[in-house]
Structure formats: C-alpha cells, structure tokens
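Undergrad: Here is what each chain is made of, one letter per residue.
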Amino acid sequence: METILCKDLDPKFKFDVAAYPGGENIKLCYACGTCTAACPVAGIDEEFNPRKIIRQVLLGMRQQVLKSPLIWRCIQCYACYATCPQNVKFRDIIQALRAMAVKEGHVDADRLKDVKEVNSLAVKIQQNLINKLVTDKAAYAAQKKRFEEVNAN
Amino acid sequence: MTTKSNKPIRCVLVLGGGIAGATVAERLGRAGLDVQWVEKEPVIGGQAAAMGCKAADVCLRCHVCVATDRLKAALHAPRVRLNTRSKLVALVPGNNGAAYRVTLRTEPNIIRRERCIGCGLCVAVCPEHCISVKYPALHGGVPVLDLPLCRRTRDKACDRCAKACPVQAIDWKEPTQNRELDVDAVVVATGHEPFHPGPMGTFGYGVIPNVISGLDAEHQLAGQHRITRLSDGSAPRRVAFIQCVGSRSEHAHRRPEDTNYCSTVCCAYALRMARRIQHDAPDTSVTVFYMDIQNFGKDFESFFAACQKTMTFVRARPVEIVAGSEGAVVIAYEDQEKGAVNKAEFDLVILSIGIRPAPAARALADCLRLAVDQEGFLGIKGTAGLPQTHCRNIFVAGTCGNPQDIAATIGQAEAVCAEILKQA
Numbered sequence: 018m019e020t021i022l023c024k025d026l027d028p029k030f031k032f033d034v035a036a037y038p039g040g041e042n043i044k045l046c047y048a049c050g051t052c053t054a055a056c057p058v059a060g061i062d063e064e065f066n067p068r069k070i071i072r073q074v075l076l077g078m079r080q081q082v083l084k085s086p087l088i089w090r091c092i093q094c095y096a097c098y099a100t101c102p103q104n105v106k107f108r109d110i111i112q113a114l115r116a117m118a119v120k121e122g123h124v125d126a127d128r129l130k131d132v133k134e135v136n137s138l139a140v141k142i143q144q145n146l147i148n149k150l151v152t153d154k155a156a157y158a159a160q161k162k163r164f165e166e167v168n169a170n
Numbered sequence: 017m018t019t020k021s022n023k024p025i026r027c028v029l030v031l032g033g034g035i036a037g038a039t040v041a042e043r044l045g046r047a048g049l050d051v052q053w054v055e056k057e058p059v060i061g062g063q064a065a066a067m068g069c070k071a072a073d074v075c076l077r078c079h080v081c082v083a084t085d086r087l088k089a090a091l092h093a094p095r096v097r098l099n100t101r102s103k104l105v106a107l108v109p110g111n112n113g114a115a116y117r118v119t120l121r122t123e124p125n126i127i128r129r130e131r132c133i134g135c136g137l138c139v140a141v142c143p144e145h146c147i148s149v150k151y152p153a154l155h156g157g158v159p160v161l162d163l164p165l166c167r168r169t170r171d172k173a174c175d176r177c178a179k180a181c182p183v184q185a186i187d188w189k190e191p192t193q194n195r196e197l198d199v200d201a202v203v204v205a206t207g208h209e210p211f212h213p214g215p216m217g218t219f220g221y222g223v224i225p226n227v228i229s230g231l232d233a234e235h236q237l238a239g240q241h242r243i244t245r246l247s248d249g250s251a252p253r254r255v256a257f258i259q260c261v262g263s264r265s266e267h268a269h270r271r272p273e274d275t276n277y278c279s280t281v282c283c284a285y286a287l288r289m290a291r292r293i294q295h296d297a298p299d300t301s302v303t304v305f306y307m308d309i310q311n312f313g314k315d316f317e318s319f320f321a322a323c324q325k326t327m328t329f330v331r332a333r334p335v336e337i338v339a340g341s342e343g344a345v346v347i348a349y350e351d352q353e354k355g356a357v358n359k360a361e362f363d364l365v366i367l368s369i370g371i372r373p374a375p376a377a378r379a380l381a382d383c384l385r386l387a388v389d390q391e392g393f394l395g396i397k398g399t400a401g402l403p404q405t406h407c408r409n410i411f412v413a414g415t416c417g418n419p420q421d422i423a424a425t426i427g428q429a430e431a432v433c434a435e436i437l438k439q440a
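Chains A and B, in that order, are what the protein sequence lines are.
Start counting the first sequence at 18; every next residue gets the next number (this note's numbering).
Start counting the second sequence at 17; every next residue gets the next number (this note's numbering).
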C-alpha cells in the first residue's frame with residue numbers, strides 16, 4: 018500500500034488536464050477498470066495501468082504523473098477509448114499529459130517526435146515479422162529470435 | 017353549470033397488459049367504471065408474468081408472485097373489457113362530452129380463447145414451432161400463435177393446426193377490425209423493453225451458450241425452478257454476475273442501443289437470484305462484477321451484508337468474455353487489488369441487463385401528444401409523484417414512464433387509480 022500525503026497533492030491538476038483538448042471527460046471516470054483490462058500494454062507490462070493514471074490525475078499527483086516514464090508507454094491504439102462506459106477518452110488524456118509534461122519542462126520538446134518515431138518503428142518491425150510469417154516461416158523464426166535478443170538487452 | 021372538464025370519468029382506456037395496466041384495470045373495474053383494456057400481444061402478462069420466484073429460505077420480496085396475483089385478479093374483474101392483439105391507432109378530442117375519441121385496431125387472435133380447451137395438439141403439429149403456451153400460471157394451457165413465424169403469413173398453404181384442433185378453435189377467417197370508442201380518460205401502461213445484450217459483442221451473448229441474460233435466468237426460474245447451463249443442462253458450480261450491462265454507458269450517444277441511466281432494478285434482481293442459487297446449491301460460488309451496487313430500501317443494508325458473507329464482489333467492469341474448455345466461460349477484467357489484468361473461469365455468466373423504453377413508445381407519444389424525456393420514457397418527471405403529461409385525463413404508470421421495480425410499478429398504478437377515482 019502506497020501512502021499519499023495531502024500536502025504533496027495539487028487539487029488543480031485535474032482541472033488543468035480537463036482544460037486541455039482531449040482531457041475534458043477525465044472527471045467522469047468511476048474507476049471500473051475496463052480500460053486496463055482492454056489495454057494491450059497493460060497486458061504485457063504490469064506497471065502500466067490506465068485506471069491508476071486517471072486516479073492519480075484526479076487525486077492531484079501532478080509531479081508523479083508528469084515526471085513518470087509511464088505516460089510515454091501508451092501506444093495510442095484506442096482500445097480504452099472504445100470500451101470505456103463513461104467516454105473518458107484515456108488515449109486523448111495521455112496526449113494531454115504528454116503535452117503538459119513538455120510544457121512544464123519535465124522532458125525536452127523533442128520527446129513527442131521521438132515517441133512517434135519509436136511507434137512507427139515498432140509498426141515497421143511488426144509488419145516485417147508478419148510479412149516473413151506469411152512468406153517464409155524459417156526466416157520468420159530467425160528474425161523473431163533476433164528481435165527477442167535485442168529486446169532482452 | 018357543468019363545464020366539460022368537470023364531467024365525471026365513466027369510461028377509461030387502459031393501454032398495456034402488464035402489471036401496471038392490470039392493477040389499473042382491476043381497481044377501476046371494481047370501482048364501477050367501464051374499462052377498455054388493450055394489449056398488443058394475444059395474452060396479457062407483460063414482462064413480470066414470465067419471471068420466477070426468488071425466495072431463498074425466506075421471501076426476498078421480489079414481488080413476482082404479487083404481479084401474477086394482480087394479473088389474475090384483473091382477468092376476472094367486473095366491467096373490464098379485454099382487447100388482445102389490439103393497438104391504439106388514433107386519438108382525437110371527443111364529442112358528446114367524452115374527453116377523447118379513440119380508434120383501436122384489433123388483429124385476429126386466430127386461436128379463439130373461448131373455445132380452446134388447452135389440449136396442446138396444435139402445439140405438437142406446427143411445423144414452424146410458432147404455437148406455444150405462454151404464461152401457463154396465468155392462462156392455463158391455452159396456446160398463442162406467433163404470427164410472423166407462421167407459414168400462412170408467408171403465403172404458404174398450411175392448416176395443420178386447424179385440422180388437429182378437436183374443437184375448431186382455430187379461425188383463420190376473422191378479419192382485422194377498426195373500432196371507435198369514446199373514453200373519458202386514458203392510462204398509458206405500455207411497459208418497457210429489456211436491453212438486448214447482443215450489440216455488446218465482446219460479451220459473447222448469443223454466441224457462447226453459457227452466457228445468459230438476467231431475463232433468461234428469470235425465465236429458467238419460472239419454467240424449471242432452477243438455473244442451469246444451456247450447454248449441458250447441468251447446475252453451475254461457479255456463477256458470475258456482470259452488473260450494468262447496457263446501463264450507465266456514455267456510449268449511448270453513438271450506440272443508440274446503449275443507455276446512459278441506471279435501470280434501478282438490476283442490482284436487486286441479481287443479488288436475489290444469487291441468493292436463490294446459493295440456497296438451492298450452497299456450495300456454488302458466486303462472483304459479482306460491479307461498478308457500484310445501487311440499491312435502496314429499508315432491508316437492503318442487511319441483505320447486502322448477508323450477500324457479502326457468501327459471495328465475492330469484484331469492483332471491475334469486464335472487457336471481454338470468451339469460451340473456455342468444456343463449456344466454461346472466461347472473463348477478462350482488471351484485478352484492482354493487484355492492478356493487473358486477470359482472467360477468471362466460470363461455469364455460467366449472467367448479464368444483468370437493464371430496462372429500455374419500448375420501441376413503439378415514441379410513436380405512441382406522437383399519437384397521444386405526450387412529452388417524452390431524453391431517454392425516451394413517457395411523461396415529464398417532477399420532483400416527486402407520477403410522471404406528468406400536460407394532457408387532460410391522460411395518465412402514465414409503470415415502466416413506460418421510468419425504469420422501476422414491480423412494487424414501485426404497482427404503487428404508481430394505484431396512485432393513477434386514486435387520481436381517476438377523484439374525478440369519477
């Protein structure tokens with residue numbers, strides 16, 4: 018159990034997020050956890066939890082959220098967006114949080130561009146593997162092993 | 017001098033053959049008013065007549081038996097004229113002092129109730145299985161014919177049922193009739209439509225046999241007095257309830273089948289049903305996936321506390337339900353204690369579906385010039401009491417005005433009767 022001190026909280030944080038385009042619906046969340054259950058990142062990464070990030074914003078944990086590397090792990094796939102019963106639009110909230118992190122100087126301005134590059138590279142790797150899978154199974158296995166080794170380091 | 021509005025109410029049109037309509041028809045008939053009672057189906061009963069008693073060791077006050085009693089009483093009430101397979105098609109201001117002149121369209125019932133002896137021979141011979149016995153507790157063995165399925169409506173010659181009938185109760189020659197009536201008041205009690213969980217594709221309703229809706233479970237309770245799995249007919253050992261299916265969803269604006277309000281009845285019926293299952297088979301484990309348990313009433317606190325002792329309550333809204341091995345059902349959800357995605361296996365999953373306005377409610381509202389609220393329920397809701405209509409002597413009772421349970425529906429119907437009898 019984590020202890021949160023009231024004096025460290027910023028009660029204005031959620032209003033700031035709600036004022037950003039895409040963040041409007043953050044206060045509608047009733048913490049049902051559908052987003053986390055649907056999230057492909059949360060499926061392989063136990064640290065990344067959309068419901069928890071929303072809760073942290075609502076509680077006002079400004080520094081923890083904006084400094085955290087977690088907000089950069091979202092792959093912007095819209096699974097949370099499509100399943101949320103309250104239309105909270107978590108994918109858009111992540112965009113708002115990233116913009117705020119840049120604006121408040123927690124990361125440099127190139128970060129947004131870099132993450133975009135990483136995402137596009139990941140899709141290229143995925144397409145490469147799928148193409149190999151379809152055309153040449155042996156090449157696929159070799160390629161997959163190489164990527165897994167790279168990933169492990 | 018008697019003004020038009022002070023003319024006493026003598027004849028009342030009651031729309032809807034569910035519990036609200038039955039309560040109003042019976043009370044007003046017994047009070048000496050003439051009641052024209054209209055039901056679109058071949059038999060009265062509505063939703064509640066197909067539900068089952070959920071008593072465990074003690075009565076859990078689901079009020080299904082009260083509903084059946086009300087419907088039975090209305091069938092035998094004096095001065096009540098029942099028009100089945102009938103619809104209201106027009107309503108205009110009346111003359112000769114009556115408030116309204118209404119036009120009713122009555123389709124033929126085909127199976128004539130006054131002749132039928134309930135032998136069931138027609139049920140057995142129908143090649144399309146469109147003849148069935150509905151609500152046997154109310155109507156005995158008298159069957160009804162589901163016309164859209166019948167071969168004759170698809171221009172095919174078929175008279176097997178008519179030939180099989182020993183008392184010539186099946187009559188294909190009866191025409192559709194339009195009748196005009198003068199009435200002094202109209203009571204709208206047209207009820208609701210249960211949410212159909214099919215559109216929520218990720219829950220697998222209609223695809224995975226052991227995912228059923230709360231209403232399916234009610235029908236099982238009414239028919240066989242226990243809840244079983246559809247795949248093999250066995251009693252489930254691990255049961256999951258998923259709350260708020262179709263209710264409280266902000267997707268309502270882009271998926272019109274969803275609703276964005278609390279249907280108010282689902283938590284209560286799910287917990288009662290869970291108690292009933294555990295009473296019948298005490299070693300059955302029950303897990304309830306919920307967002308909030310929304311319920312009220314003076315006994316609810318203690319009832320909920322008793323449920324928490326024997327059931328597991330998981331605060332999560334599952335995202336996906338998939339079929340497992342040997343008829344098992346796997347639910348994917350977020351385990352909020354651990355903050356990680358979890359998959360749990362169950363024998364039977366019951367989706368607690370909510371209440372939606374009836375599809376014909378808007379057309380009826382246009383016909384009666386009634387106000388409709390933003391969700392499609394009839395009447396204007398004030399701070400308390402009945403939904404208001406702003407039309408003289410038109411009243412709204414039951415779930416066509418608001419999602420509510422059986423007790424509230426009967427209470428509202430009684431309040432409408434009191435309003436009408438004040439002017440009688």
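In short, the hints are calculated from the structure, not lab data.
Check before you lean on any hint, since a few could be wrong.
To be verified - Covered by chain A, per the in silico footprint, the following chain B stretches (three or more residues, Cβ under 8 Å):
(1) 112-118
(2) 332-338
Unchecked claim - Rough simulated footprint, nothing fancy, chain B against chain A, three-plus residues with beta-carbon under 8 Å:
(3) 98-104
(4) 147-156
Even glycine gets a Cβ: it sits at the ideal position worked out from N, Cα and C.
Undergrad: Can the region 332-338 of chain B be counted as covered by chain A under the rule of three residues or more with Cβ-Cβ separation shorter than 8 Å?
TA: holds (count 5)
Undergrad: Report holds or violated for chain A covering the region 112-118 of chain B, Cβ cut-off 8 Å, minimum 3 residues.
TA: Since 0 is below three, the answer is violated.
Undergrad: Quick one: see if chain B covers the region 98-104 of chain A, three-plus residues with Cβ-Cβ under 8 Å.
TA: Coverage by chain B holds here, the residue count being 5 at a Cβ distance below 8 Å.
Undergrad: Tell me whether the statement that chain B covers the region 147-156 of chain A is true, taking a Cβ distance below 8 Å and needing three residues at minimum.
TA: violated (count 0)
The structure shown violates the earlier hints numbered 1 and 4.
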